[in-house]
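Number of protein chains: 4
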Amino acid sequence: MTPDYQTILDEIRDEVQPLLAQGQVADYIPRLACVPWQKFGMAVVTLDGQLYRTGDADEAFSIQSISKVYTLTLALQSIGDKLWRRVGREPSGNAFNSLVQLELEHGLPRNPFINAGALVVADVVLGAMPDPRAQLLATVRRWADNPGVQDDPEVARSEQANGFRNAALANFIRSFGNLEQAIDEVLGFYFYQCSLAMSCEDLARGFLFLANRGYCRWTGDRILSPDQAKRINALMLTCGTYDAAGDFAYHVGIPAKSGVGGGIVAVIPERLAVAVWSPALNAKGNSLAGSAALERFTTKTGLSIF
Amino acid sequence: MTPDYQTILDEIRDEVQPLLAQGQVADYIPRLACVPWQKFGMAVVTLDGQLYRTGDADEAFSIQSISKVYTLTLALQSIGDKLWRRVGREPSGNAFNSLVQLELEHGLPRNPFINAGALVVADVVLGAMPDPRAQLLATVRRWADNPGVQDDPEVARSEQANGFRNAALANFIRSFGNLEQAIDEVLGFYFYQCSLAMSCEDLARGFLFLANRGYCRWTGDRILSPDQAKRINALMLTCGTYDAAGDFAYHVGIPAKSGVGGGIVAVIPERLAVAVWSPALNAKGNSLAGSAALERFTTKTGLSIF
Amino acid sequence: MTPDYQTILDEIRDEVQPLLAQGQVADYIPRLACVPWQKFGMAVVTLDGQLYRTGDADEAFSIQSISKVYTLTLALQSIGDKLWRRVGREPSGNAFNSLVQLELEHGLPRNPFINAGALVVADVVLGAMPDPRAQLLATVRRWADNPGVQDDPEVARSEQANGFRNAALANFIRSFGNLEQAIDEVLGFYFYQCSLAMSCEDLARGFLFLANRGYCRWTGDRILSPDQAKRINALMLTCGTYDAAGDFAYHVGIPAKSGVGGGIVAVIPERLAVAVWSPALNAKGNSLAGSAALERFTTKTGLSIF
Amino acid sequence: MTPDYQTILDEIRDEVQPLLAQGQVADYIPRLACVPWQKFGMAVVTLDGQLYRTGDADEAFSIQSISKVYTLTLALQSIGDKLWRRVGREPSGNAFNSLVQLELEHGLPRNPFINAGALVVADVVLGAMPDPRAQLLATVRRWADNPGVQDDPEVARSEQANGFRNAALANFIRSFGNLEQAIDEVLGFYFYQCSLAMSCEDLARGFLFLANRGYCRWTGDRILSPDQAKRINALMLTCGTYDAAGDFAYHVGIPAKSGVGGGIVAVIPERLAVAVWSPALNAKGNSLAGSAALERFTTKTGLSIF
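Protein sequences, first through last, are from chains A, B, C and D. Here the first sequence is numbered in the numbering used here, starting from 618 and rising by one per residue. Here the second sequence is numbered in the numbering used here, starting from 618 and rising by one per residue. Here the third sequence is numbered in the numbering used here, starting from 618 and rising by one per residue. Here the fourth sequence is numbered in the numbering used here, starting from 618 and rising by one per residue.
One chain only, chain A, in its complex shape (with noise of 0.2 Å):
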């Protein structure tokens, strides 16, 4: 039986009120500091192309890390599995690891999902295509079913005018060889993909192919093979929400990408895929009101891969 998955949005919607003014808008750029903690939106579509929405589904924002799924897809689609030798598939643990690992493990990012790794996925790309920045727009707006999705140019410079972090793990990754693009393009095209700004809605279609065993619904394309689509999903769910990883599978367990921005996009295989924004972020960087939403969406639906 089908849930009915507008009422439970609603319901979800109005329970997570109270979720909102938790937590703690990102204020380490500007453009994401003054976004209003009171927004709050959710989008599902079904394997079908259905679309269920509550709340402000229909605003764009920044997707942040959410990004690293695309670039991940678009590295897989180069040079395939390749890519693993220049990145693990390994959970990282915590923030101070992800730098200790890089050192004992001479400069191989643990996955694609820490920035280190996402890093080296962005230099893979770079790589592959003579106008990255382009192609990654022209192809989100494809897989998204959505023209309109604009990057933000704001957005992009004040990660870059702060990225010194960054800036450390690529010169970091590039001492042990393993970027072969200019370090300034590789932030470069980091921080672009970082500002791409979409909404639940968005979210919602554009990833629905890993719902889909990697067929894109609106355009019949074959993104990726099944067995590619099924570990990518795999990988979101080992690696997906930072060091929050293993709780968020523990209580919401289905696979999953977060962003700094309040975004997070989840995975059904075979039913749907979920996106939720809230811009208030918990302790381990992923949105609260967004986790605890999805914790209730699979209770509420009775769906999860466990």
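Quick caveat, the hints were computed from the structure, so don't treat them as lab data.
In this list, chains with the same sequence are indistinguishable; a pair is considered to hold if it fits within one copy or across any two.
Dumping the calculated DSBU-like pairs for lysine-lysine here, alpha-carbon to alpha-carbon at most 35 Å:
no.: 1; residue 1: Lys656; residue 2: Lys901
no.: 2; residue 1: Lys699; residue 2: Lys656
no.: 3; residue 1: Lys901; residue 2: Lys917
no.: 4; residue 1: Lys917; residue 2: Lys699
no.: 5; residue 1: Lys656; residue 2: Lys917
These numbers were taken from a predicted model, which means no experiment stands behind them.
Based on the hints, put chains B, C and D in the right spot on chain A.
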């Protein structure tokens, strides 16, 4: 359509033969070192209780860390979610990190499947039961539907005699106040649980409750709530195969727990439990041929949670 | 020109009064916790055997880690430079690192003055002596020219009862094969050595041999070769005051060893030994007023090795 | 009695010949890689200005990290003890730790002689001088009493082109707010200071002020206060020879600073400065034959600070 499990198991048994001699049989205690690397067994038990088996599936081996799922289950039965005040639910990164993180995180082990976490779980079980060894053995026999399951005192003795690192962990955790029972008791119980000897058949039967929303098919008992069962599955996926959990999720894609004796048991929720045994281990400490067998199993059956 | 040591000591005693209440008396065992923070003593013994003293210089206190210099001396007497195959000579950085480095460096402690290193030294002493406790006590009495030096069994008992971290270290080192005696023996001896009670006078007399090229003024014995004495002084300078050795060298500028009982003993080669006691410790675990007193002592006397 | 320095230097030159071919010439930049390993020079300058020399003592080589003592001196002249708010004075343990500790200690480098600390010192110097490169060069020439000292632009260029790890450190420190000048400026100045070329004679003359209570014999200037000079000596002893400072203090027993170009300069307070050069390095990055030469020098002269 139900896959033809028997044919699939027999195919896998033939296909993995060349892998058996690869890897390295654990040799830190004599009893494990003398197990012939040629051994290979595999067993599937489906939700309706049907058993399929191949090779040495009825030969008992040392389950070692697989026992951590049983003690975790007992601890959750005893104190429920209060357990999570004393142990986390996050992957731990490499072995090196487990100690570093224990220090950084003030004696709170990252998850119940690293040794540090299993010692805390053992401490909980000890505090909850008058005769924990006898009760653990009786419980495991019931859940596996086999009153013949035994412990191996020689293994426990050897582990104890070589268990300096576990003794270091226990003392270290105690120094943070996160052990309540006498250290020697905790270690003794821990070495006892690791010394249980079970066959693939035993393990497939004995883990079926995790595929069956917490109900034990053999006794009719509700071992755990559906939610708790789901969550143990999530923990096995993110933390069940040491520092290869990410890779294992990527390649095999189902919750699993491995042991240094060469056993791995995995769960496909709402479908089946599957156990495999091959003594030689890969560099991460998981059965080399066993991992390959499970990857083939999910490929051939098309079953996966992603 | 010889400085007027008596006047200088009395000045220092007056000047440090306001510092005595600062810092924190060690409270992890009751016997140390109940020592009055008002205590202050200081004693100087010059190469010609002249004694100068002020305040509570004749009151015995728990020497704790200061004993590590004595056991190091005994170990060098027993096995000479072979000791350095089992323990290093490098500063260890902060406490956090001692454990990390023990892991990275495969059970070889960084130096004999961190607890890990002192446990290895204790293991060497145990292996070299039929009755190590009695021999240590007799030796310390001879070197300090005071047959009344005692151990404090109550301190040793308390340390043992709270010594989980040291037990963790001992087991950890043993797991790398770098302890030869029974772990309980090693720990017992280590807690014994820490429980020795000596006064500032005892310590100043008892360390004079390090200022005197290895010769004991009181017995006429050659305790160490001139070279060995120099090298222990070098070790005290680089590693003698926990993670404050750099700061201590910077501010005080002479070799010293501190203990958590509030004692510090220092050596000015070819000149004198000086001991100070004030129970309240600074954040790095060294006597707060004691450190200040020694800095004043080098300033007022103009003595320094730099 | 004054040792016969000339005879001692000549003896040492002969004795270390078999060691010259051991060790490894630094090869991360071409200019260093092509220096002949056969080179060996040594020079002593005593407090009265007398010079003794042997071998290639008048041949200029790349001073590399030895320059860190000069920039530290300039920084102390500029801002005095305020420097210590931005950099520590503790040994750092191994190279691995420098990065870990930078993270744990929030961007405060452990001491001014690890690269992280030298970058902060460079930042201070840059902020204090209108034309820092010219002023550094002029200063070094004055202190070394040799207007012919030059920098080597080719070395600086190569360092810059390979300086990813230093760039990582600079960005990392900047992410904690502990750099004030533009990162490229800081790195450029740092690579410049490392590229200074000096002979053993230059260095022995140029470090004499540290043996001479801060006074420059050649110019009559008071470069540092006696206290500041003593404290730089203490820092060199505890932190001057990378992760071998403990060993170096143990074997050689005098304050020293080494560079990857094969130079080591050491100070015996109130006596002399001594410089040695041999390009091949030991595993810790210090000149192999140079370390041996200094150990022999202290043994033969009987000079030591301990």
